[in-house]
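Number of protein chains: 2
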Amino acid sequence: MTDLERQGLAAKKAAAVLMTAGTSAKNAALMAIAKALEENMAAILAANEKDMEAARESGMRPALLDRLKLDEKRVRGMADGVREVAALPDPIGRVDHMETRPNGLVIGRKRVPLGVIAIIYEARPNVTVDAAVLCLKAGNAVILRGGKEAFRSNSALVDIMRKALRESGLPEDAVSLVQDTSRESVTALLQLTDYIDVLIPRGGAGLIRHVVENARVPVIQTGVGNCHVYVEKTADLDMAARIIYNAKCSRPSVCNAAETLLVDEAVAAEFLPKAKALLDKHNTQLRGCEKTKAILGDSVAPAAEEDYYTEYGDYILAVKVVSGLDEAIAHVNKYGTGHSEAIVTENYTAAQRFLDEIDAAAVYVNASTRFTDGGEFGLGAEIGISTQKMHARGPMGLEQLTTTKFIVYGRGQVRE
Amino acid sequence: MTDLERQGLAAKKAAAVLMTAGTSAKNAALMAIAKALEENMAAILAANEKDMEAARESGMRPALLDRLKLDEKRVRGMADGVREVAALPDPIGRVDHMETRPNGLVIGRKRVPLGVIAIIYEARPNVTVDAAVLCLKAGNAVILRGGKEAFRSNSALVDIMRKALRESGLPEDAVSLVQDTSRESVTALLQLTDYIDVLIPRGGAGLIRHVVENARVPVIQTGVGNCHVYVEKTADLDMAARIIYNAKCSRPSVCNAAETLLVDEAVAAEFLPKAKALLDKHNTQLRGCEKTKAILGDSVAPAAEEDYYTEYGDYILAVKVVSGLDEAIAHVNKYGTGHSEAIVTENYTAAQRFLDEIDAAAVYVNASTRFTDGGEFGLGAEIGISTQKMHARGPMGLEQLTTTKFIVYGRGQVRE
Chain A
1 MTDLERQGLA AKKAAAVLMT AGTSAKNAAL MAIAKALEEN MAAILAANEK DMEAARESGM
61 RPALLDRLKL DEKRVRGMAD GVREVAALPD PIGRVDHMET RPNGLVIGRK RVPLGVIAII
121 YEARPNVTVD AAVLCLKAGN AVILRGGKEA FRSNSALVDI MRKALRESGL PEDAVSLVQD
181 TSRESVTALL QLTDYIDVLI PRGGAGLIRH VVENARVPVI QTGVGNCHVY VEKTADLDMA
241 ARIIYNAKCS RPSVCNAAET LLVDEAVAAE FLPKAKALLD KHNTQLRGCE KTKAILGDSV
301 APAAEEDYYT EYGDYILAVK VVSGLDEAIA HVNKYGTGHS EAIVTENYTA AQRFLDEIDA
361 AAVYVNASTR FTDGGEFGLG AEIGISTQKM HARGPMGLEQ LTTTKFIVYG RGQVRE
Chain B
1 MTDLERQGLA AKKAAAVLMT AGTSAKNAAL MAIAKALEEN MAAILAANEK DMEAARESGM
61 RPALLDRLKL DEKRVRGMAD GVREVAALPD PIGRVDHMET RPNGLVIGRK RVPLGVIAII
121 YEARPNVTVD AAVLCLKAGN AVILRGGKEA FRSNSALVDI MRKALRESGL PEDAVSLVQD
181 TSRESVTALL QLTDYIDVLI PRGGAGLIRH VVENARVPVI QTGVGNCHVY VEKTADLDMA
241 ARIIYNAKCS RPSVCNAAET LLVDEAVAAE FLPKAKALLD KHNTQLRGCE KTKAILGDSV
301 APAAEEDYYT EYGDYILAVK VVSGLDEAIA HVNKYGTGHS EAIVTENYTA AQRFLDEIDA
361 AAVYVNASTR FTDGGEFGLG AEIGISTQKM HARGPMGLEQ LTTTKFIVYG RGQVRE
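In the order they appear, the protein sequences are chains A and B. Taking this note's numbering, the leading residue of the first sequence gets 1, the next gets one more, and so forth. Taking this note's numbering, the leading residue of the second sequence gets 1, the next gets one more, and so forth.
No copy labels: a pair is met if it fits in one copy or bridges any two.
Result set (DSSO-like, lysine-lysine): computed pairs, CA atoms no more than 27 Å apart in a straight line:
id	residue 1	residue 2
1	Lys13	Lys334
2	Lys69	Lys148
3	Lys12	Lys334
4	Lys110	Lys334
5	Lys50	Lys69
6	Lys50	Lys163
7	Lys334	Lys293
8	Lys73	Lys35
9	Lys148	Lys12
10	Lys110	Lys13
Don't read these hints as lab results, they were simulated from the structure.
Let's have the full structure, built from the sequences with the hints guiding it.
Here it is, written out as structure tokens:
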């Protein structure tokens, strides 16, 4: 048995205990984790500082250094986040659709934990705590495989969570960190079918592709977002400009940011300069079709076919002038990743057709794609945003970390 | 582009049309399919007779020949099945949890089709029609890959369904059959990530394993059932004997049949002869532990460790005497496949603990495991029985062939 298999087995045993742990016991453990994070502030920051030193020496980019960094405020924020998860309603144990069948069997569907969830993520220590407590609250054991640059921070955080679990009377193996930070450990995790019920990769397109190509365990794909805003010809153009500006520039690195602007040709000449005036505030680079260039001039770079497939994650926006709703819908369904798509329109039928015909996790009329988020959608907290159709689609909250089982009360019934 | 990719692309285009097809249009197409099956009886039976001849010549086992065979009654049964699916409520279009968020966004979850579903199955022509119409009713396109021994029958059935779709004004590519019946076509199908949203393998453990090891498309595992009946010491022993007899012998080849009997040692001496008296009616071979053999004598073969992992699919039953509830639960969770598990007991706490602690798709008190079935559970019809926890667990009806999307009605909202 490899170290990873041993870890998987320990997680599976812990999951069996968590499966029947009550809400009070789980919440008490979460509150203990929150307290322990605050009480062990110095140890967490010391471990993080070592990660930061090594990362600086290796020349990590500033944006990534910022994601790696912990300070007192961020750790307190993590602890507050844990208390918020403790305050959420527990999805486990609810029985739906319970009914008596003609033969007298009483059958219902009971919401139960998934079991063991594995999460692969980048060098972001906040995910270590966020993901672990969401899994715990839904009664699951979690195996964490964080980016190697955050290994010391993650080890400190996981040690604290394990100790708090133990002291709360729950199995410490409900949370564990993969100790091997080599690329091979990711691949090994993907094959651990005896122990892992669901694996959630959180990261860039490269990680997701590696996971899809190599996983034998069930996977929920997350996070790749090539999102569009389509300005239909009846749109309130000032509203449309505010929406594309927000969708592109409020936080361009995240998956619900817009990457392509589609504009109806009937309003392109009036709308594009309006939009550009706002996008210029962040020096957003525009890459446009010929018609866009004809309207906005040479400041617009030419868009290649490849641009329409690209999630820039930056202050870059592809622009295309389209002939109308049909072309817009066809474009979105061809180039999009099924994440978040918006139309701006005052036309009733255009709005309804866009909602019906766009194949994506979240479809908007007259609002920014940036709202696709567990908190904004009222799910309380999220473990990620699924871009697949199986099991979960869009922001995943506690309920998406559960499954059901049929429970059947009989009085001796046999079949036929 | 390979033939299979072309087929995938055609299915994806058909799925886009079906996505917005109304219930009336889908039902009209299903009724046309039912009628066409009956009207083309002679062609179907002629194609099937060729399959049967070839199968007989190749020495196919009688049980498999019976599954391959079509006759007038069976084809009429298929047509009636199609009409029953047409009569089921359409899950598509229902909007759940619609609410107005504090910022005025109105957000709901709308039930929508999965898109393109691929189904891999054995030489059972009835599955060709059953699976296709369930997928169609839920608004999906379906790519069928049936066992090669049924290729002529499947071709005839698919041609009839495609013609009926076309004449009903729906795209014929909503149903298609993989033309290449080599093993390689299965592997190629498993990699078709650009076109397939979900793949459902229906077949034996070997097929399921091949699929899990090679699939890059999302998969719903079905059908492997190593099911248990546990007779607790307070059980009504006559009821328990009827239940294990039904669970084992009413149809031993199916996945919800019992494979292992667990008996509390306090009642083993009284219960085992009762059970054996019934099981003997079908000359059921018993493979027991030492204690079982001590009670029932040398007619019982010794059970090896391997027996407790085995889905016999035959008149064979493993038997183990256990010390009580704890050992029974541990045994089921270790050796079971998470399909269907039953306890027979009059003790309230034992019943509730078994329901809570057994990790399976369906958990029963005082009833036969044989009831795990879409029809019996009130789902109307089923495409298979999922033994995984993601997306669907247990019998899968129309709703499990769908997903959701968030629809968001705004009035210009931007984030932050």
